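In the order they appear, the protein sequences are chains H and V. Here the first sequence stands for residues 1 to 155, where the numbers follow the numbering used here. Here the second sequence stands for residues 1 to 88, where the numbers follow the numbering used here.
Hints were generated in silico from the structure; no laboratory data involved. Treat the hints loosely; a few may be bogus.
Said to hold, decoys possible - Here are the in silico distance ranges between beta carbons for each label pair:
1. H:Asn-61 with V:Leu-65: 32 to 40 Å
2. H:Gly-107 with V:Leu-65: 52 to 60 Å
3. V:Lys-24 with H:Thr-51: 30 to 38 Å
4. H:Phe-115 with V:Lys-24: 39 to 47 Å
5. V:Glu-35 with H:Gln-60: 19 to 27 Å
6. H:Trp-131 with V:Asp-47: 40 to 48 Å
Said to hold, decoys possible - Residues on chain H that point at chain V, a partial pick, calculated with CB under 10 Å:
7. Ala-19
8. Ile-39
9. Gly-107
A quick note: this is a predicted structure, and the numbers were derived from the prediction, not measured. Even for Gly, the Cβ is constructed at its ideal location relative to N, Cα and C.
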Amino acid sequence: MKLTRREFIKNNAIAATAAVAGITVPGIVTAAHKPTDTIKWDKAPCRFCGTGCSVLIGTQNDQLVATQGDPESPVNRGLNCVKGYFLSKIMYGKDRLTQPLLRMTDGQYDKEGEFTPVSWDTAFDVMAEKWTFLGGNVWLRAMDRMGRLCGLQII
Amino acid sequence: MNISGIYIKTWPDELALIQQKLNKISGVEVHMTTENGGLIVTAETGDTASMADTLMDMQQMEGVLSATLVYHHDEQAPYSELPAGDRQ
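Whole structure, please, built from the sequences with the hints as guidance.
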């Protein structure tokens, strides 16, 4: 049976989708039968909210090319939500943040200032300073939790 | 080349109608249906933006309860395998 790459990928899409629906599709040739396929599959948590859905990610030539919800994950059971739709594109978005930005005016942190690229050292120094300032405050615990959910977006 | 596997849920008595509507969308194929109103669908588009539009169309289709993307593949296909419209 000769498959074009397109048909092969489509078959994978059908098989994965059918698995979520709890059925199998007769006659579908999937990755299990095609060891020559060059996509390498790994598992990672989605970072878009605190739920932590498990996502299977397929890479080819060090480039992320495919994603699917992890069917074995008890959290999302093979499904992705609307934010998980295009996880593979987010890695390569042109406007993706790749370095820390700090609101600054005249080289100093200023809540009303403009976002300016800074080094990681500076970013962590400023964050540490703000956290210390908050010490003992009832907000600290809430902020700590938010910080874990949202990464470094607090300050 | 953008290929997605999408699981759609509808009411069982609207299954045939939804299947008909979905098959009319360019690049969309319904591969299987289940008795409880589930449809196993693939969508193929040239770029991600039109894939997002296609998914949105499905979600907003009257009678569709949910359209969930399960599988998404995005890569540059070999020229010979591109749909005629995407060849430049």
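Quick one: which hint numbers does this structure break? Sort them smallest to largest. 5 and 9
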